[in-house]
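Colleague: Protein chains in written order, with my numbering: chain W, 1 to 114; chain U, 1 to 156.
Just so you know, these hints were derived from the structure itself, not from any lab. Fair warning: there could be bad hints in the mix.
[Stated by the list, open to error] Here are the computed distance ranges between Cβ atoms for each label pair:
(1) U/46 x W/91: 51 to 61 Å
(2) W/71 x U/93: 25 to 35 Å
(3) W/52 x U/66: 39 to 49 Å
These numbers were taken from a predicted model, which means no experiment stands behind them. Just so you know, even glycine gets a beta-carbon here, dropped at the ideal spot from N, CA and C.
Given next are the chains, with one letter for each unit.
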Amino acid sequence: MGPGWRPFLVGAAVVVGTFALAQAQVFEPSVPAASAVLGGDVYRGETVFQRECASCHGPGGEGGDVGPRLVAAGLDAATVTAAVQQGRGVMPPGLVSGGDEADVVTYVVSISTP
Amino acid sequence: MLLADVSETYTDLVTTVFSSTIAAKAWLASAALVLVLVQVTTAARIYGRLTFLPERGPAIARLHRWSGRVAFLLTLPVFFHCVTILGFQTPDTRVALHAVVGTFFYGVFAAKVLIVRDRSLPRWALPTVGLTLASMLGVLWLTSSFWYFTTVRFGL
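Build out the structure end to end from the sequences listed, making use of the hints.
Modeller: Now the structure itself:
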């Protein structure tokens with residue numbers, strides 16, 4: 001095999017290494033403990049939150065014109081789940097459901113933990 | 001515990017500037033894409049195309065090298081977040097395409113860097129791999145940053 005193959009072999013090795021690293025998800029255990037309890041994914045929940053909730057609660061839950069600040073608000077999973085499912089104030093019920101609900105509840109609990 | 005500390009430090013650091021880690025990824029990837037467009041333009045000039053641009057020479061070559069270096073550095077936080085935190089996921093077509101192309105991205109990048117210094121390969125190898133790499137970043141940007149800006153929010 002000639003030296004011309006070297007870039008492609010190295011490239012292939014990097015691809016395999018990247019895939020292995022991605023499969024390992026080495027930092028997944030650092031996701032807040034709420035994930036394990038709620039079964040949601042805090043990082044997917046962040047995306048759902050930015051899409052569905054941030055217009056009222058502000059980016060990252062920092063508080064908006066309509067919705068209250070959620071960061072460090074000390075909300076537990078039951079409270080957040082009830083708000084999502086039943087609505088609260090001007091917040092309509094069922095804004096998110098299914099997997100998105102579990103993800104966003106996990107995310108909100110993670111940011112509201114002081 | 002150490003892993004948790006690293007991830008939390010990363011999140012704390014990123015959210016001092018951006019509203020979320022997702023927003024940070026979207027903007028860093030966008031900046032990298034702009035620099036990759038500079039890369040493609042300067043490479044075309046180096047290969048004798050785009051003759052309306054300034055004369056090819058050391059300045060164009062320097063701009064090409066530095067735009068590439070900075071673009072690479074900008075992708076590193078994105079790589080860290082995508083690969084070590086989110087991992088390889090295929091819940092829908094967009095994410096699956098992003099994951100597959102992203103997995104190959106640094107492999108093609110490594111090959112491109114080595115091909116630059118490899119004189120044994122045909123002349124078309126470098127621009128081919130370079131354009132492939134630029135196209136891959138374009139696909140990665142469309143399936144992440146563009147999606148974020150158009151469906152989630154456009155802002156820091």
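Colleague: Run every hint past the structure and note whether it holds.
Modeller: Now for the hints, and whether the structure bears them out:
1. U/46 x W/91: 51 to 61 Å: holds (56 Å)
2. W/71 x U/93: 25 to 35 Å: At roughly 33 Å between Cβ atoms, residue 93 of chain U and residue 71 of chain W fall inside 25 to 35 Å, so the hint holds.
3. W/52 x U/66: 39 to 49 Å: Once the Cβ atoms are compared, 41 Å apart, the range 39 to 49 Å for residue 66 of chain U and residue 52 of chain W holds.
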